[in-house]
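Student: Put together the whole structure using the sequences plus the hints.
For the record, the sequence lines run as chains V, P, F and C.
So that you can map any letter, position 1 of the first sequence is 3 in the numbering used here, and since no number is skipped, the others follow by simple counting.
So that you can map any letter, position 99 of the second sequence is 101 in the numbering used here, and since no number is skipped, the others follow by simple counting.
So that you can map any letter, position 58 of the third sequence is 60 in the numbering used here, and since no number is skipped, the others follow by simple counting.
So that you can map any letter, position 69 of the fourth sequence is 71 in the numbering used here, and since no number is skipped, the others follow by simple counting.
Because the hints were derived from the structure by calculation, they are not lab data.
Some clues are possibly wrong.
Note that the list lumps identical chains together, so a pair holds whenever it fits in one copy or between two copies.
Computed list of lysine-lysine pairs in DSS-like fashion (alpha-carbon distance at most 27 Å, straight line) [what the hints assert, rightly or not]:
no., residue 1, residue 2
1, Lys173, Lys87
2, Lys8, Lys143
3, Lys174, Lys279
4, Lys236, Lys173
5, Lys236, Lys174
6, Lys143, Lys289
7, Lys98, Lys236
There are 4 protein chains.
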Amino acid sequence: MNQFGKEYRLSIFGESHGQCVGIVVDGCPAGVPLQEHDFLADIQRRKSGAKGTTPRTEEDIPVIRTGVFNGFTTGAPIMIQFENKNTRSHDYLFIKDTPRPGHADYVAMQKFGGFEDYRGGGHFSGRLTLGLVAAGVIAKKIIYPATVQAALIEAGGIQDIDNAVNLAIEKKDSIGGIVQCIATNIPVGLGEPFFDSVEAVISHIVFSIPATKGVEFGSGFAAAKMAGSDHNDKIIDVNGRTATNHAGGINGGITNGNDIVVRVAVKPASSISIPQKTISLRERKVKELVVEGRHDTCIALRFPVVLENAVASVLADFMLMAQKTGRVK
Amino acid sequence: MNQFGKEYRLSIFGESHGQCVGIVVDGCPAGVPLQEHDFLADIQRRKSGAKGTTPRTEEDIPVIRTGVFNGFTTGAPIMIQFENKNTRSHDYLFIKDTPRPGHADYVAMQKFGGFEDYRGGGHFSGRLTLGLVAAGVIAKKIIYPATVQAALIEAGGIQDIDNAVNLAIEKKDSIGGIVQCIATNIPVGLGEPFFDSVEAVISHIVFSIPATKGVEFGSGFAAAKMAGSDHNDKIIDVNGRTATNHAGGINGGITNGNDIVVRVAVKPASSISIPQKTISLRERKVKELVVEGRHDTCIALRFPVVLENAVASVLADFMLMAQKTGRVK
Amino acid sequence: MNQFGKEYRLSIFGESHGQCVGIVVDGCPAGVPLQEHDFLADIQRRKSGAKGTTPRTEEDIPVIRTGVFNGFTTGAPIMIQFENKNTRSHDYLFIKDTPRPGHADYVAMQKFGGFEDYRGGGHFSGRLTLGLVAAGVIAKKIIYPATVQAALIEAGGIQDIDNAVNLAIEKKDSIGGIVQCIATNIPVGLGEPFFDSVEAVISHIVFSIPATKGVEFGSGFAAAKMAGSDHNDKIIDVNGRTATNHAGGINGGITNGNDIVVRVAVKPASSISIPQKTISLRERKVKELVVEGRHDTCIALRFPVVLENAVASVLADFMLMAQKTGRVK
Amino acid sequence: MNQFGKEYRLSIFGESHGQCVGIVVDGCPAGVPLQEHDFLADIQRRKSGAKGTTPRTEEDIPVIRTGVFNGFTTGAPIMIQFENKNTRSHDYLFIKDTPRPGHADYVAMQKFGGFEDYRGGGHFSGRLTLGLVAAGVIAKKIIYPATVQAALIEAGGIQDIDNAVNLAIEKKDSIGGIVQCIATNIPVGLGEPFFDSVEAVISHIVFSIPATKGVEFGSGFAAAKMAGSDHNDKIIDVNGRTATNHAGGINGGITNGNDIVVRVAVKPASSISIPQKTISLRERKVKELVVEGRHDTCIALRFPVVLENAVASVLADFMLMAQKTGRVK
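Tutor: Below, the structure written as structure tokens:
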């Protein structure tokens with residue numbers, strides 16, 4: 003579904019090579035100062051064009067179409083759209099016969115019966131994340147003074163990201179990476195048992211970001227190798243502060259006031275300039291495919307700001323929810 | 003929230019030391035053969051009592067209270083409950099002063115203002131997963147001939163699970179583990195972009211299972227270290243079968259017909275017999291705590307059947323959804 | 003669907019002649035004092051047995067199974083169940099061949115393929131409203147000092163209800179009625195545009211109560227005959243109090259602080275002792291049918307407490323929602 | 003909330019005097035032929051400009067921005083927008099001091115703390131219904147061969163609508179009316195007990211249309227005056243056809259294959275040229291107010307196409323849902 007969130011409700015739309023992409027944010031409280039300029043810094047961070055990212059550059063100018071009046075949110079839905087301009091659709095016609103390995107081409111064709119907009123990944127494109135970033139920019143204002151920050155901490159298996167990217171560019175290959183996001187200044191008590199643990203809802207939105215292969219909190223997969231005596235975080239004050247943070251800021255699905263720590267495994271982009279084998283659906287035989295077009299060597303480079311804003315949106319959702327699940331005052 | 007699912011809708015209830023735990027399943031199609039006996043095998047697999055699990059053994063007799071008539075589901079909500087019998091609540095009174103490290107004691111107290119049922123973890127208890135198992139047993143019938151199977155593949159960092167458990171018992175400590183779940187015979191086309199990718203919804207329910215620290219699909223975190231030329235799964239026939247399965251059966255959030263592969267990091271149980279340090283909320287100083295009661299040395303031993311049934315419930319949800327999102331026939 | 007509500011979430015279950023009926027209430031704040039005794043007065047009001055109601059009397063003893071601890075709600079789901087005891091299922095076997103006019107027999111058979119529990123209306127029975135009443139009893143505590151009160155104001159077309167009922171009993175027929183519900187002490191600002199106007203959500207739950215044929219607010223259908231100059235309620239103070247209340251306490255879908263006034267048209271019960279014509283599905287011809295069993299002459303007599311508690315549940319939902327849709331403080 | 007629907011999901015946005023109004027439709031199956039021209043007839047029917055409607059005329063040109071490719075829906079969200087052009091915002095500045103009787107001015111100010119876009123009713127404006135009409139145009143294609151048709155059957159209390167409107171224009175007053183909508187060719191079995199009866203969901207969307215005061219199905223409020231022996235619709239064939247249709251095509255909340263009949267009471271528009279009394283919030287005393295601007299004498303004239311399309315959207319939702327709630331095949 004293209005809707006997400008209980009209180010801070012997102013409705014995403016658009017295609018890579020259609021007219022536009024964007025989002026409707028419903029449930030944003032009235033009175034949040036908001037103008038188009040506020041989006042620019044995060045949009046810039048998401049942009050391609052730097053080394054290791056696709057040379058397709060879009061202007062990505064955010065237009066607030068509804069929900070803001072005199073510089074403040076009104077409480078009505080905020081619709082934000084981004085025009086698509088720099089599209090080269092002729093690049094993608096081959097997809098209908100030879101679905102690209104690792105992409106959604108094959109499954110989209112099966113699911114939507116050939117009616118899907120296949121150009122540039124259509125509705126499956128990473129370009130859709132522009133809407134997520136926009137939603138997160140507003141969310142960050144709502145959750146303040148809580149803050150969220152993400153960074154790429156590893157690419158292609160090494161921590162020297164520059165070296166890893168250079169090596170991959172040389173090989174005309176792509177590489178994956180690990181992005182870490184930390185949220186600080188988090189109130190105790192966010193999260194709604196049983197099904198809406200903070201981890202559950204964050205992982206939900208994160209796994210909707212294209213290229214996500216794994217999500218872990220705090221100690222994550224390392225916890226599987228640990229003993230309880232090592233893993234348990236000693237509580238050291240009455241505010242719930244702990245000596246270590248294996249829990250990643252969450253116990254029983256509920257924030258404990260320590261930093262939320264989430265790490266995401268980002269796969270190498272599926273589009274590479276190296277020839278690959280796939281099936282020709284018409285000829286019913288394996289064929290060599292060279293994916294022309296403009297590719298990201300390391301899509302993980304552009305991932306942090308998306309992750310950060312997705313997490314911020316979830317935190318806004320939980321904070322708007324939290325006022326009412328505590329005790330009756 | 004204690005509700006989950008769009009078509010196959012779960013509503014979970016109960017506390018560890020209250021009267022009962024259980025679940026209401028809404029949206030199950032009419033005409034599925036169902037009787038209480040059908041639940042026994044999976045409930046037995048989840049049961050404690052074996053080496054490495056808590057000696058608290060409950061009878062765990064499933065009672066179908068509504069939604070089944072003459073041996074078949076009716077299309078009305080199915081309510082299944084399990085009485086709690088073997089409870090020793092006096093074990094848990096200390097929690098109100100000295101919250102146990104790693105547990106939800108502290109956050110529950112903050113969130114619910116002291117009104118929470120703290121006995122045995124209350125609504126946060128792993129005992130709630132009985133309801134998930136029950137829902138999954140029905141789901142498995144709905145998704146047939148698709149099947150789901152999970153197994154513990156590593157405990158305490160090693161693959162010889164018996165050795166790992168014995169060692170931990172000796173040390174009076176607890177250990178984590180990795181559980182892998184594989185779903186086979188999956189139709190192409192499950193999953194609903196943008197937000198309800200198959201990974202997103204599976205991870206959502208899995209992170210609501212107590213003790214989950216990480217979730218990965220296919221290549222998972224290893225993908226972050228791979229090159230695209232290695233990671234891309236070559237498509238080898240017109241049914242979308244691939245030579246490798248780094249995708250874990252999912253492209254662009256949609257099933258591609260190959261096996262769905264998900265791995266979960268399970269943390270070591272927080273309750274251990276070794277003395278630990280925590281804060282005394284009354285005395286406002288750190289204090290030593292010995293958690294009496296009956297503990298699981300390796301909670302991951304009991305995890306596979308819960309994971310399996312949680313995944314089955316999600317697949318049932320997607321299959322009931324899938325009929326209508328494809329092309330108009 | 004058998005789930006309702008955004009913040010105050012109901013999950014209803016049960017059948018008329020199955021083991022039990024009941025409800026799970028999720029989202030009730032922690033700290034609300036609650037015991038079984040609290041339900042008795044409203045359950046008594048709903049009960050049958052008085053003149054004009056069915057002689058099937060059930061004990062209707064509410065059992066709180068989860069979500070309450072030491073006399074207070076815990077914030078976890080509250081499951082309340084009522085055992086069915088006084089059932090006479092042999093009365094209903096004929097339904098499979100000759101569906102009763104006005105009942106759901108025919109549609110249930112078509113929708114659920116014959117697997118439905120047809121006894122006493124099964125899941126379509128008015129007996130399900132016991133769960134609604136239980137949910138409303140808790141809701142009334144949440145919304146206090148707002149209060150809700152409903153009364154039967156007309157039966158069989160006349161205001162002297164006793165006379166109308168006596169006349170119908172004589173004729174072995176059933177009669178409809180009009181029930182009015184008034185909510186007072188309502189804060190300004192409940193209701194969530196565009197789709198969740200207060201009228202929209204109240205009407206949603208009210209039309210799920212069996213026998214509802216029409217719902218109107220304030221001036222209701224009379225408004226269609228009025229001029230704007232008469233209909234507009236003059237605002238007479240800065241708190242939004244109006245001289246008249248044609249709006250029924252709601253403008254633009256949002257409460258204005260005046261009383262909410264809703265009226266419901268309740269149809270005559272479909273089960274009557276007079277012989278009726280229906281189709282025999284087996285013989286494919288029209289046949290005379292005498293519906294034996296125990297019937298309500300005027301089901302509207304039992305409607306007020308159900309309406310009242312349904313409206314209270316919606317108001318609780320809106321109040322729990324309202325804290326966060328206003329301005330950022 | 004500004005989202006509605008389970009399968010056919012609407013997300014509405016816009017303000018009367020902002021940049022645009024519109025809707026995102028999520029869940030529309032792929033392969034529905036759709037172009038902008040398809041919307042024109044229904045948009046024309048909704049338009050103002052005729053006698054009895056406001057002289058503000060907008061071009062109301064529908065622009066499909068996403069979700070359609072090569073003339074067919076793709077399965078991705080369909081975003082449709084309408085620019086606002088003919089606005090005269092200076093007309094509305096007085097609202098902040100003297101809220102108009104019958105309008106949402108006062109409640110919006112209270113709820114949104116003065117941040118609401120008050121111009122022309124802002125997000126509360128009837129102009130928002132353009133989005134509903136657009137959603138319904140697509141829905142009508144999905145539900146075909148089922149059809150929906152609505153008409154104004156009474157205005158100002160009389161059936162001669164022209165006379166009623168002329169009289170009101172003379173008096174510079176506004177009048178209400180009754181609109182009837184009939185859906186034919188409806189399959190048996192739509193509707194989802196307990197809470198999503200067909201009446202419940204239709205009434206939900208209808209009460210979100212500005213100016214709705216009452217909703218009734220089949221016999222409606224007249225049922226309250228009837229006896230069961232008269233009200234029960236005799237079933238006359240094995241397809242469930244009935245001799246009368248007091249049920250309005252719905253039993254137990256589920257369609258029975260007969261026509262769905264719904265009637266709506268539409269109030270007189272609140273904006274009239276006659277001087278009215280309201281409170282001055284600044285001066286805290288009652289004041290006379292003359293609402294300048296352009297008004298609808300009989301807003302009910304423009305209501306049928308909105309009702310029709312709202313009902314069609316609900317039917318599309320139910321039809322997309324219906325495939326899976328029946329028996330397992």
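Student: Could you run down the list of hints and mark each one as holding or not?
Tutor: Quick rundown of the hints versus the structure:
1. For a Cα distance limit of 27 Å, the shortest separation of Lys173 from Lys87 qualifies neither inside one copy, at 30 Å, nor across copies, at 54 Å.
2. Taking the shortest Cα distances, Lys8 and Lys143 sit within 27 Å of each other both inside one copy (18 Å) and across copies (24 Å).
3. Taking the shortest alpha-carbon separations for Lys174 and Lys279, only the intra-copy value of 16 Å comes in at or below 27 Å, while the best inter-copy value is 53 Å.
4. Taking the shortest Cα distances, Lys236 and Lys173 sit within 27 Å of each other only across copies (19 Å), while inside one copy they are farther apart (47 Å).
5. For the identical chains of this complex, Lys236 and Lys174 are inter-copy neighbours only, at 18 Å across copies versus 48 Å inside a copy, given an alpha-carbon limit of 27 Å.
6. Neither within a single protomer nor between protomers do Lys143 and Lys289 lie at most 27 Å apart by alpha-carbon distance, with minima of 51 Å and 39 Å respectively.
7. Taking identical chains as interchangeable, the C-alpha atoms of Lys98 and Lys236 lie at most 27 Å apart only when they sit on different chains, with a minimum of 16 Å there against 57 Å within one chain.
When the structure is compared with the earlier hints, violations turn up for hints 1, 6 and for no others.
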